[in-house]
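A.B. asks: Assemble the dimeric complex from its two separately framed chains, guided by the hints.
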Amino acid sequence: MREFWFQFLPILLPLVLIGLGWAVGTWRERAHLASLAVREQAAADVRVTNLRCVPGDRDVVEGRFVCGDVVIASDYFKTVAAALRNLVGGEVRAFETLMERARREALLRMIDDARRLGSREIYNVRFETANILSGNPNRRNKASVAVEVFAFGTAVVRGESREAGTIP
Amino acid sequence: MIVVNTETVPGYTITELKGLVQGNTIRAKHLGRDLAAGLKNLVGGELRGYTELLTEARRQAMERMLAQAHELGANAVVNVRFTTSSVTAGAAELYAYGTAVTVERNVDA
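Taken in sequence, the protein lines are chains Y and E.
First residue of the first sequence: 1, per our numbering; consecutive thereafter.
First residue of the second sequence: 1001, per our numbering; consecutive thereafter.
Derived from the structure by calculation, the hints contain no laboratory data.
None of these values were measured; they are calculated from a predicted model.
C-beta atoms are modelled at their ideal positions from N, C-alpha and C, and glycine is treated no differently.
One should not assume that every hint holds.
Computed far set for chain E versus chain Y, every beta-carbon distance over 12 Å [said to hold, decoys possible]:
1) T1015
2) G1019
3) L1020
4) N1024
5) R1064
6) G1073
7) E1104
Simulated coverage check for chain Y against chain E, where a stretch passes if three residues somewhere in it have a Cβ under 8 Å from a Cβ of chain E [said to hold, decoys possible]:
8) 20-28
9) 44-50
10) 57-71
11) 74-83
12) 144-154
In isolation and in its complexed conformation, chain E is listed as follows (with noise of 0.2 Å):
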C-alpha cells in the first residue's frame, strides 16, 4: 500500500477513485508516566515516554485507515491528514485519515 501526503502518487496515475478512509485511536497515558513528566516539568527537555506513545497511537490510527483502504481494494491512500484533540483530562484522540485510490505505474517512468 502507498501511502502519500501529496494529492497525487509521483509517477503513478489514480486510474480509480475509492473514497474516504479513516482511523482512529484514543490513548491515556498511564500514572508512572504522568509521574515522570511532572518531574521533566521542573527541568524541561524531551517527555520520551509520550513521544513513544504518540508514535505508536499514531501509527495505529494510520493501520485502521490502511485497512479500511485494503477493504475497498485500493491500492494507495493519498493526501494523508492527521489530528489530534484532546476528549477528556490525559486522553488524547489521533485520527488520520485520507482517499483510497487506485494508482498505476506511468509507463514512461
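Okay, chain Y solo, but in the shape it has when bound (with noise of 0.2 Å):
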C-alpha cells in the first residue's frame, strides 16, 4: 500500500508545494499589504518627490542622504504561476504585486529614515531594482525568485520660518 503511494510522490510533491505556497504565501502578501497601507497613512505627511532641485531652498537647514532598501522572495506559487504565464504570454500579475510590496516598502523605510532626522520632505528619490536570485544561469535552483528594491533621496529640514512642506 505504502509503495502504491511512494510512485505517485514526484507529482503529489510539487502539488503539496503549490498549495502550501499558495496558502501561506497568500496570507503573507495579505498581511503586508495591510501593514503597508496601514504605515503608508501615518506616513502621509512626509513630502516625497523626485524633483532634482529643492524649490525654494534659502531657508534650509539640512539636506541628508536617506535610503531604505528590501529584499522580498516570491513563493512558491507566484513561481510556478509565473513560469506557466511564460509559456502563452501576456501580463505576470503574481510578479506585480511581488515588485509593489518591495517598492512601497523600501519607500516606507526611506521615510523612517527621513524622519528619524526630523525632515518631512524628500528629493530626488530614485529606485534601485535587483534581481538577486534568479536570472543568473550559474545557479542550480533556478525556481528561486528574489528582488531587491533600494529607495534613496535628499531628506530636508527646512528653518523655523517656515511649516514644514510648504512650497513657497
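C.D. replies: Written as C-alpha cells, this is what we have:
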C-alpha cells in the first residue's frame, strides 16, 4: 500500500508545495499589504518627490542622504504561476504585486530614515532594483525568485521660518 | 561630510569641484543564508538576512566613496548614485559614486 503511494510522490510533492506556497504566501502577502496601508497612512505627512532641485532652498537648514531597502522572495505558487505564464505570454500579475510590495516597503523605510532626521520632505527619490536570485545562469536552483528594491533620496529640514512641506 | 543625491546641497553653495569619487564592494552570501532563502522561496516574504547583507554592503561602498572624498579635501558629495550587479553566482557588487565638492553655507540661509 505504501509503495503504491510512493510512486505518486514526484507528482504529489510539487502539488503540496504549490498548495503550501499559495496558502501561506497569500496569507503573508495580505498581511504585508495591510501593514503597508496602515504605515503609509502614518507616513502621509512626509512629502516625497523626485524633483532634482529643492524649491525655495533659502531656508533649508539640512540636506541629508536617506535610504531604505528590502529583499522580498516570491512564493512557490507565484513562481510556478509565472513560469506557466511564460508559456502563453501576457501580464504576470503574481510578480507585479511582489514588486509593488517591495517598492512600497523600501519607500516606507526611506521615509522612516528621514523622520529620524526630523525631515518631512524628501527630494530626488530614485529606485534601484536588483534581481538577486534568479536570472543567474550558474544557479542550480532556478525556482528561486527574490527581488531587491533600494530607494534613496535627499531629506531636507527646513528652517523654523516656514512650515514644513509648504512650497513657497 | 554632507552626502546628498541632489545636484546641489540645499542651503549651501558649491565653491569648488573636486571630481568623481567612487566606492565598491563585492559580497557573497553564506550557505546558511542560502538555505534560509530557499525555504522562504516556498512561502514568500522578506529575506531579512539578504536585506541586512545588502544594507551593510552598501554602507561600506558608501564609506569607501566618502574616504576618497575626504582624501580630496572635499566636505560634501553630491549627486550620489548606486548600481548593483551580480558578478558570479551568489555574489553581488555594490557600487556607489558621486561628485566630491567643497560647499559653503549660504550667508542668508
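A.B. asks: Looking back at the hints listed earlier, which ones does the structure fail to meet?
C.D. replies: Hint 9 alone not satisfied by this model.
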